[in-house]
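Can you make the complete structure from the sequences, with help from the hints?
Chains as they are written, first to last, in our numbering: chain E, 288 to 596; chain P, 288 to 596; chain S, 288 to 596; chain C, 288 to 596.
Do not take every clue at face value.
Some residues of chain E that are not near chain S, with every Cβ distance over 10 Å (derived) [what the hints assert, rightly or not]:
id, residue
1, Lys317
2, Glu329
3, Ile336
4, Gly368
5, Glu439
6, Thr488
Anything over 12 Å on all C-beta distances counts as not near chain E; from chain P, calculated [said to hold, decoys possible]:
id, residue
7, Gln331
8, Ser341
9, Glu355
10, Glu395
11, Glu403
12, Ala432
13, Lys578
Derived contacts from chain C toward chain S, CB cut-off under 7 Å, selection only [stated by the list, open to error]:
id, residue
14, Thr353
15, Thr404
16, Glu439
Everything labelled a hint here was simulated from the structure, so no lab data went into it. These figures come from a predicted structure and were not determined experimentally. Glycine included, C-beta positions come from ideal geometry on N, C-alpha and C.
4 protein chains.
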Amino acid sequence: MVGDTERFMALPIPGMPGVESVMRIGKPYKLVARESRPEATEIQVGDVIVGRDSFVVIAGPCAIETEEQAMASARAAKAAGAHILRGDAYKHRTSPYAFQGLAKRGLEILAQMRAETGMPTVTEVLQTTDVELVASYSDVLRIGARNMQNFELLKEVGKLHKPVMLKRGLASTIEEWLMAAEYIANQGNEEIILCERGIRTYEPMTRNTLDISSVPLIHSLSHLPIIVDPSHSGGKRELVGPLARAAVAVGADGIMVDVHPKPEAALCDGPQAITTEEVAELVADIIAVAKAVGRPMANPKQNLSAIGE
Amino acid sequence: MVGDTERFMALPIPGMPGVESVMRIGKPYKLVARESRPEATEIQVGDVIVGRDSFVVIAGPCAIETEEQAMASARAAKAAGAHILRGDAYKHRTSPYAFQGLAKRGLEILAQMRAETGMPTVTEVLQTTDVELVASYSDVLRIGARNMQNFELLKEVGKLHKPVMLKRGLASTIEEWLMAAEYIANQGNEEIILCERGIRTYEPMTRNTLDISSVPLIHSLSHLPIIVDPSHSGGKRELVGPLARAAVAVGADGIMVDVHPKPEAALCDGPQAITTEEVAELVADIIAVAKAVGRPMANPKQNLSAIGE
Amino acid sequence: MVGDTERFMALPIPGMPGVESVMRIGKPYKLVARESRPEATEIQVGDVIVGRDSFVVIAGPCAIETEEQAMASARAAKAAGAHILRGDAYKHRTSPYAFQGLAKRGLEILAQMRAETGMPTVTEVLQTTDVELVASYSDVLRIGARNMQNFELLKEVGKLHKPVMLKRGLASTIEEWLMAAEYIANQGNEEIILCERGIRTYEPMTRNTLDISSVPLIHSLSHLPIIVDPSHSGGKRELVGPLARAAVAVGADGIMVDVHPKPEAALCDGPQAITTEEVAELVADIIAVAKAVGRPMANPKQNLSAIGE
Amino acid sequence: MVGDTERFMALPIPGMPGVESVMRIGKPYKLVARESRPEATEIQVGDVIVGRDSFVVIAGPCAIETEEQAMASARAAKAAGAHILRGDAYKHRTSPYAFQGLAKRGLEILAQMRAETGMPTVTEVLQTTDVELVASYSDVLRIGARNMQNFELLKEVGKLHKPVMLKRGLASTIEEWLMAAEYIANQGNEEIILCERGIRTYEPMTRNTLDISSVPLIHSLSHLPIIVDPSHSGGKRELVGPLARAAVAVGADGIMVDVHPKPEAALCDGPQAITTEEVAELVADIIAVAKAVGRPMANPKQNLSAIGE
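Dropping the structure here:
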């Protein structure tokens, strides 16, 4: 069956005599499917390649809170050997009473982090009306887990000529995730980095359950690169190192970790941030595992070009 | 503890000697909490009251596909004794290749359904930039499950002087749902109708697992009314009747059901729509159960006033 | 495909050129399937029929703790109009340090409850070596949720000429549940009463999420009767009434509720037990809803015959 | 609070004025808790130590089907460098119509596998009445996922002086799993090896979702060793390698994998078995990662002593 299969599923076939059940065969996504492109997609982020045979480390503050905090995180990330900086100016918070980010002032600090370290950046965009502004400040735009099926936002970033990081939804299936990527690709932008960040389960000891199996599954279903966020998966500092090592070993194309100079004073997600001291050790551990699985670290030249030109 | 408790949770207290664990006590929502208002909130929708001791039936097409289809559903809903019409002009679809709704033309048909039947309407709004337009056509704006934590959209409808229906997220906890309602209330709009539509579980036989327990729990935690959507919960036509009766019996303030003149030809969610013939029987069954639990059907005068004035 | 389909699924067909995926069609259970018997199975428990067009109430203590507590619960159940008594002598407890039941002494008290009230009984059996003993004391043997896939135990009760109540596993699918029933039926015993008791989900506010949709689904898939346990589903006293009413309305063949004279002093599951005062009100509410859905209460003659003869 | 805390939780404190909620603090398990023993437990299995700083590989057939199949798997496991053999004579099957194992004949073949290779063995025991027999044939007894809360069986193996492998239940929390281990330890047997095998979630692409985070969590909560079963977690051959590597990297004490000479002809779980050719490559990959994380492979002398003496 090819064509409008949704409509076909609604036909009264299940009720016909002799029919036991009706099932869909075939994948509903096309552009992001492995079949549509023989080779794995490589995405240029500044001078770093995400998705080639190398491994990338993205590190930095969860939220940009102050210039001092953000710059300390950025310097620690660079010193540790990370490749890309993270730092959010707009935060999605469950409570309206929680810290919501510094907005434009946060983007300016992000630009400063980028300028001083020479490292490219990734930051979250929350709504369609912010896309242009955020894109003028950051190398990669991130779609958060709660927005994975905010289809209007997906269409908007799909019109950009800029990499987009798409986090898996809180309780999304792998197929729904690829369908969300298809929304972006369908607008013309196939520079998509998937990010596994754990799924919702009944287990209360972790914030989310890292679905480590999604990494090899995505690699077999799609040509897009996939990274792992060990910070938001476990929600606990002591799990970041083990989960990051597991991510390398399972074949992920990179990891993204929260770093904070003083996690106990963080305005957002402090319990899962590693300190500026710990990030160097984390990267050293990752290098060892990456080498063991034949996956060297990315080696950027880091002569970063200007954004928005 | 009162105040910025999020920040307190990040303090390094768990690591101090003699400390086993740190737990939050107290509810994170305030305005929507039962404690903030002694009596249940009643919401005026046209001439219908949602949330008083009576029970309301919302019925109509899932998506507005054509004038004929929409009007047939609306007439059947009215004839059956329903109180409010549903009908969507904008659809959130997992696949970019699926029918996405008629947009403004759909709103015009919705207005026609309203005008001919004299019944108030509820319709989904997908993005902030559509809020004003949709509000000019419909009595209630609905926030869909995938947008339950689209906080920018919640803030936008929070600025309206118009009822908002907030569906529970695909895999949201009851507490997160109430926090989402708090985002709307925090902008000044407390005319919020909660809608339970099933949650994601491991059980594959239903589209979602209707969490019927959420109805009495919401009534004890909040002063807001709550209705049940038996169509999207089970995802199967044959479950709509039983789940609707269960919703009345458990104490819900209403139900919302998909009606389609030819479900087998529906462009969206056909397998869960009941036919225009079945809706009358459904309402009759509900009236019997509602009476048994001391909850008479709402009795609107239905002299509908103009919208957008 | 008929026969050893498990083996067929392992064939290397998915890897063959042109093959997208392999799916099973057809139901894996046979004896308990609706197709194998045109009429709903009715099960005689003492003088009560479970599964006919009538509705049964099973009530009594979760665990039999003392003669006084058990007899008080039994008398309250009888006075309220319940049809069958529950009361466990053997308890499955997550902790080895929790109360594990009175064992044989508990069975003797159960016999006393039965003798004084003239009502038939249901009680849990935990292991194969207890089956004969427990069967000599009780009219119905119950297999608990944690034992739903204890296949040796299922086979053992399958050899009895006595009704078996099979609770749904903590996180079992409806299909797995019917397969467990098939294990019993396959030994020759088709007197099986299914009991929905909630499933494990991510929602923390209830002990389990009552999957109310399983009732109409079981009725369409199988000829076996199904009852609902609103006590273990929600795990909260205040939910028992609403969930019991929902169970009647959705079409269940009965409910089973925990009753305790002093829930605050219960040795097991106190927070979910209703008091001996509340059970009468519960049954009155149920009668009203049962009447509304055309399902009168069972009307036993209650001239109970001796057990084990 | 120390003592019968279950009972305390049932007191009517939540209803008292000024009380918002009541929560339990402190761990319900004692003997298996990290606090009860400063050093990690090491378990002697034949001449192999499970749980020291080294890493063990357990491999062999899921079910013992024939002498040829079992011996071929055993030889491949030995040649690849595995330390312990697996092979089941009794199988827990969802369907009563599926292959249930060779029973005593299977144990005899297991003894032959052990004798020829000089490797110790692990095999499943399904019921209390089989414990003595199975213990006379195998070095380690395994409790399957469906039996994790079969408390009578746990008590029975708790009386042995022999290692027990306890698989995590299909949908058990980490705390429930440790409580199940406590049942065994409470009988005097603390030689317990925990085995993570994935949990039930909504994601349909894998048989279970491997909860890789449980490994570091168990290590921080308990002194018991923990291994990972990548075969039953993913349920797909192509996931075994990646998940096994992730298990090493995250810090597990070992892995257990299904090996079959002809997976396409397997009577049980064929789709997840790796071939006798693939097992050598798997072990080589694991050795590399184990070295990278400072965890050398176990180095047994393999002069196996007789069983049952």
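Okay, the hints, checked on the actual structure:
Residue-level check passed: Lys317(E) sits 14 Å from the nearest beta carbon of chain S, beyond 10 Å. With 10 Å as the threshold on Cβ separation, the claim that Glu329(E) sits away from chain S holds: the shortest Cβ distance comes to roughly 27 Å. No Cβ of chain S approaches the Cβ of Ile336(E) within 10 Å, the least distance being about 32 Å, so the stated non-interface status holds. Distance to chain S confirms Gly368(E) as a non-interface residue, since its nearest Cβ pair spans about 37 Å, more than 10 Å.
Its beta-carbon lying about 27 Å from the closest one in chain S, Glu439(E) satisfies the requirement of being farther than 10 Å from that chain. Not every Cβ of chain S is farther than 10 Å from the Cβ of Thr488(E); the closest lies at roughly 6 Å, contradicting the non-interface assignment. Look at Gln331(P): its CB is around 25 Å from the nearest CB on chain E, clear of 12 Å, so calling it non-interface holds up. Every Cβ of chain E is farther than 12 Å from the Cβ of Ser341(P); the closest lies at roughly 31 Å, confirming the non-interface assignment.
For Glu355(P), the condition that its CB be more than 12 Å from all CB atoms of chain E holds, with the nearest at approximately 17 Å. With a least beta-carbon separation of about 21 Å from chain E, Glu395(P) lies farther than 12 Å from that chain, consistent with its non-interface assignment. The Cβ of Glu403(P) lies farther than 12 Å from every Cβ of chain E, with a closest approach of about 27 Å, so its non-interface assignment holds. For Ala432(P), the condition that its CB be more than 12 Å from all CB atoms of chain E is violated, with the nearest at approximately 9 Å.
Residue-level check passed: Lys578(P) sits 33 Å from the nearest beta carbon of chain E, beyond 12 Å. At its closest, the beta carbon of Thr353(C) sits 14 Å from a beta carbon of chain S; the interface hint therefore is violated under the 7 Å criterion. A distance limit of 7 Å between C-beta atoms decides the matter here; for Thr404(C) the minimum to chain S is near 26 Å, and the interface restraint is violated. Hint on Glu439(C) holds. Least Cβ distance to chain S is approximately 4 Å, under the 7 Å limit.
Hint check: violations occur at hints 6, 12, 14, 15; the rest are consistent with the structure.
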